[in-house]
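A.B. asks: So the sequence lines, in the order shown, correspond to chains W and B. To convert, note that position 493 of the first sequence is 496 in this note's numbering; the numbers rise steadily by one, no gaps. To convert, note that position 227 of the second sequence is 230 in this note's numbering; the numbers rise steadily by one, no gaps.
Errors might be hidden in some of the hints.
Identical chains blur together in the list; that is why a pair holds if it fits in one copy or across any two.
Pairs of lysine to aspartate or glutamate, DMTMM-like flavour, derived with a Cα cap of 25 Å [unchecked claim]: (1) Lys464 <-> Asp368; (2) Lys443 <-> Asp285; (3) Lys308 <-> Glu249; (4) Lys82 <-> Glu34; (5) Lys104 <-> Asp180; (6) Lys40 <-> Asp174; (7) Lys93 <-> Glu10; (8) Lys100 <-> Asp263.
Hints in this document: simulated from the structure, not taken from any laboratory.
Here is how the chains run, residue by residue.
2 protein chains.
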Amino acid sequence: MSDKVIEKWGMFEVALSGPSEGNPYIDVALEASFRFKERVVRVPGFYDGEGTYKIRFMPDVEGDWTYETASATPALDGKTGSFVATAPGKNNRGPVKVRNKFHFAYADGTSYMPFGTTCYAWTHQPLDLQEQTLQTLAEAPFNKIRMGVFPKDYPYNTNAPLHDVFMPDDDGKWNFDEPNFAAFRHFETQIGRLADMGIEADIIIFHPYDRWDHANMPAEQDYRYVAYLTARIAAYRNVWWSLANEYDFMIDSKPMHQWDRYFQIIEENDPYWHLASIHNGDVNANYDHRKPWVTHTCIQNWDVKRTAEWRETYGKPVVNDEPEYEGNILQCWGNITPQELVHRYWITMMRGGYIGHGETYQHPDEILWWAKGGVLHGEAPARIAFLRNLLEEDVKDGLTPRGHSGEWPWSRVSGAADGDVSYIYLGEHQPSIWSTGLPKDDAAYDVDVIDTWNMTVTPAKVVTAPEQHTIRHGDIIRGGKPDAAFGVELPTQPYLAIRVRRRT
Amino acid sequence: MSDKVIEKWGMFEVALSGPSEGNPYIDVALEASFRFKERVVRVPGFYDGEGTYKIRFMPDVEGDWTYETASATPALDGKTGSFVATAPGKNNRGPVKVRNKFHFAYADGTSYMPFGTTCYAWTHQPLDLQEQTLQTLAEAPFNKIRMGVFPKDYPYNTNAPLHDVFMPDDDGKWNFDEPNFAAFRHFETQIGRLADMGIEADIIIFHPYDRWDHANMPAEQDYRYVAYLTARIAAYRNVWWSLANEYDFMIDSKPMHQWDRYFQIIEENDPYWHLASIHNGDVNANYDHRKPWVTHTCIQNWDVKRTAEWRETYGKPVVNDEPEYEGNILQCWGNITPQELVHRYWITMMRGGYIGHGETYQHPDEILWWAKGGVLHGEAPARIAFLRNLLEEDVKDGLTPRGHSGEWPWSRVSGAADGDVSYIYLGEHQPSIWSTGLPKDDAAYDVDVIDTWNMTVTPAKVVTAPEQHTIRHGDIIRGGKPDAAFGVELPTQPYLAIRVRRRT
């Protein structure tokens, strides 16, 4: 019995001393076999600079584990050890996986509905700003954050990163065979802090916003970087792989077969098969998310009423990371009203998808949340918190949209159900009475009207038969029968939803 | 030289006495050849009841016309006459035709931008309500109206029509071989009154909202009715043929080849080849508007950012008649906010399409404008008037959208240009400064900010280089060059447009 104790889905780390001469990043390989009873898990290790090598492992069952390293380098070969995996602690529910085809859950079985935000380069900012970002996240409704390994060069993003990710050669050119280990250590430290807060880290491996030529590395160096990153951080339970932001904007330097290969390298090096996807730039350039290594459909698209179509096309959970951001900057992906963003949240979720947040208000010091973090200025997050609380109260297995893509009336209004709860989001529709899609049977229901912007939940005024027929249809009834067992009276105003809960 | 004088694009009518025994509607055919110099135009006639036969003709050139009738019925054969076509009067610009591929113009060359409304059954209402509808139209911004030949049976539409369109048999069943000539006379009287007001009549020939079995007539009776209607009303210059509202909801009783045949019957009997199209119900059921007899794409679709796609798919003018209506009724096609409808107007027109109005507010007596006419209650018409005036001030040849369908940034924001004027409609976007798509050259421009909801036009605060670079892009400029020669400062609020007029 070992005296080393690690909680299940925590991280066990083996550190070994080995050669530091030459370029161990390229030349030295090591791995370990972790054993639980008869089960063996192969885990790649990685070089962490100054003659230190590490192997990290996330156990997924409680009990006694042993390991043995293997390497062509004698100093790293045949090292053995053991540890005990104990019950997970608070905020540790394990990694998130796909469940029920279109939804997610933690490994412990708890339902997980992603409410993500976006701070692409927050780990590359000054440390005090990073602390502020973490403080903001502690109060915010987000349980996932999109963040890049590489720093960012882009409008509003011109400051030097805290750490360079690779080292320069003597001639000043970046040497993509020389990682800056301090950069990776800092990056994974922040992943760990997010894990402690119960926030998933959606790791963006490549992006095109670049003045360091990260987007133009040769394929061989790309492949090595992807394998290295996977070996370093896969043992963090909250990691999701996002192969790229706007991969199509790099398609000239990284053709499609390379993107496929990155996915495969991750599969080959990530023993846990974390969630993996890839995000498009142009609305017509979705990656083919049907490919087997894609766990969920990652998408950038403002046309959120198409959510059911994407579910049907790819057959996987849909996460629309970039439905445009609340803000007022020049770029049109970053200047929609908070009302519109909240509207797109409701539309997406009430069509069985998930959606991400970003905020891009002009700032005198160019500290825009979407890139650098800091504090939130917008009006959407409070409404997102309201929505999250509301759904987490009732939704167990994930929301299934009403009707197939394009089917009346669900192409116009949005509706979804899970178990005994169903919702209809009316959005830009402002009926004074509504019945379409309400229950047709005589069961007892609790019906509420939700004002999604003003964040109120009010018991609905329900109109039952026979009066409803007069109110709803004049003297005749469409199709010869009523739409529903009852209608709901509503104020003539936008952004309302109806919640129907069957009494059990 | 004849003493009969008709203005060009007016209506010349020949009335003849003939047999009234049997069923002349079925048994008697007549036509006339109208001659101008060496040109001969064949015009079918029709039976108008009580032994009266008529042939109507709309001359399209000024000068001396003669005619001669032809019929197998001796009383109707070989009748001759003449008239003089004179210059058109006020409000008479001739029929509307397609011009510049995606746009319309009157026959006299005046540009015509359709700003249509919808009162499906207004001619079937009590006469005083019809008068009120005409008074409303006289003050409203609409220059086209969608209206059905047949009365309507539907929620809010249960009252008896002013006239039955066909006569009942002795057993009480409708006899589709016995038109009620009074119904047709009344219908065309109202078409003529619209013509006098400069309003195009978009005539809906079939629709599914029916308790008279009009939607289920056998094909032979359909074909006869279409030919008869064409013979009766084609000489009204303001007629547009709309083969159906929601044709796909009748596809079980009227298969696709019948719809094609109706178009052909119209072509065979309408010497003027008025505009002709057909309107879908389900958003996935567009008719194939590429077919040669379709002059323009008629569509029902709420997803108005797809307008450029429809232009590209069908290569014809796009008229989205039913982008959902302002109102608050139960049906989700009839309860969007006025803000949303005005928003959809701007999006559609700033993507090179045209869009129709409808209004469906609950009314204690079920007088909803969309079906019965009456008065307007909504807030959209004033904004539509504002938009129409604004466009008619500058647009000459029709608006061409910026970029192809799906092209950045025109998939997100909407832009269009014609000659020296261009517009960018920002809608749900609220940038504090904007430059994308603004001119790149050094010409002089007048730039205005349009508040589409509050109906104001304000000279823009323009930010010119070099300050714009700082404001727009931090220290770097996307793509290495500025977006435009200048940027426009804007308040952070939705529903704004930018108008740019090149000084000439």
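A.B. asks: When no copy is specified for Lys100 and Asp263, does a C-alpha distance of 25 Å or less occur within a copy, between copies, both, or neither?
C.D. replies: within (21 Å within a copy, 52 Å between copies)
A.B. asks: How would you classify Lys464 and Asp368 at a CA-CA limit of 25 Å: within, between, both, or neither?
C.D. replies: between (50 Å within a copy, 23 Å between copies)
A.B. asks: Tell me, please, which holds for Lys104 and Asp180 at an alpha-carbon limit of 25 Å: within, between, both or neither?
C.D. replies: Neither: 40 Å inside a chain and 58 Å across chains, both beyond 25 Å.
A.B. asks: Check Lys82 against Glu34 for me: Cα-Cα at most 25 Å, and say if that holds within a copy, between copies, both or neither.
C.D. replies: within (10 Å within a copy, 103 Å between copies)
A.B. asks: One pair to classify: Lys40 and Asp174, alpha carbons no more than 25 Å apart. Within, between, both, or neither?
C.D. replies: So Lys40 and Asp174 fail the 25 Å test inside a copy (53 Å) and across (88 Å) alike.
A.B. asks: Is the C-alpha distance from Lys93 to Glu10 at most 25 Å within one copy, between copies, in both cases, or in neither?
C.D. replies: Within one copy only: 10 Å inside, 88 Å across.
A.B. asks: Please sort Lys443 with Asp285 into within, between, both or neither, judging by C-alpha distance up to 25 Å.
C.D. replies: Classified as between; 23 Å across copies, 42 Å inside a copy.
A.B. asks: Between copies, within a copy, both or neither: which fits Lys308 and Glu249 at Cα up to 25 Å?
C.D. replies: both (21 Å within a copy, 22 Å between copies)
Of the numbered hints stated above, those contradicted by the structure are hints 5, 6, listed in ascending order.
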